[in-house]
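Based on the provided sequences and hints, a complete structural model is requested.
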Amino acid sequence: MIKIYTSPSCSSCRKVKKWFDEQKIPYVEKNIFVATLNEKELTEILAKTENGTDDIISTRSKIVKENGLDLDNMTIKELIAFIRENPSVLKRPIMIDDRKLQVGYNPDDIRVFIPRAQRIAQWECQAGRCPKYEECEHIKDMGSDERPKKKS
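Going by my numbering, 42 is the number at position 42 of the sequence shown; the sequence numbering is gapless.
No lab work stands behind these hints, which were simulated from the structure alone. Source: prediction; values computed, not measured. Everything hinted at is true.
No more than 27 angstroms apart at the CA atoms, straight line, and that leaves these computed lysine-lysine pairs for DSSO-like:
(1) Lys-62 / Lys-77
(2) Lys-100 / Lys-48
(3) Lys-40 / Lys-62
(4) Lys-18 / Lys-91
(5) Lys-62 / Lys-48
(6) Lys-62 / Lys-15
(7) Lys-77 / Lys-3
Structure representation (structure tokens):
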């Protein structure tokens, strides 16, 4: 199951949720200001980052700047406690599943969350090889000039 960590005032969070809804991909939303992230969730997020804290923590955050924090010298336990106490330092949205993590909304990169079978079906439809071409939901929103020619 995909988890999306959000905040109410985040426009990128709204875009991500809209995208998942349009793709009919189920997700669980967790508002980082309503439900405190637990140690297990934060450990899972940190374990899936490619660049550690740089991927998920905003160094431009007021709390980080004002306190001159050196995140790289914190232990994992200290870092997790800091994030739990100051969830506003997290970049948003954070999307995570069993294998992947993505931060922020990028219309190209987010496609990695589309299940493989669904991606293949979309490619086939967009190439005009869909057996249900006329009513196919993958291409119905395309204008007639954008639709591929149906292949026999």
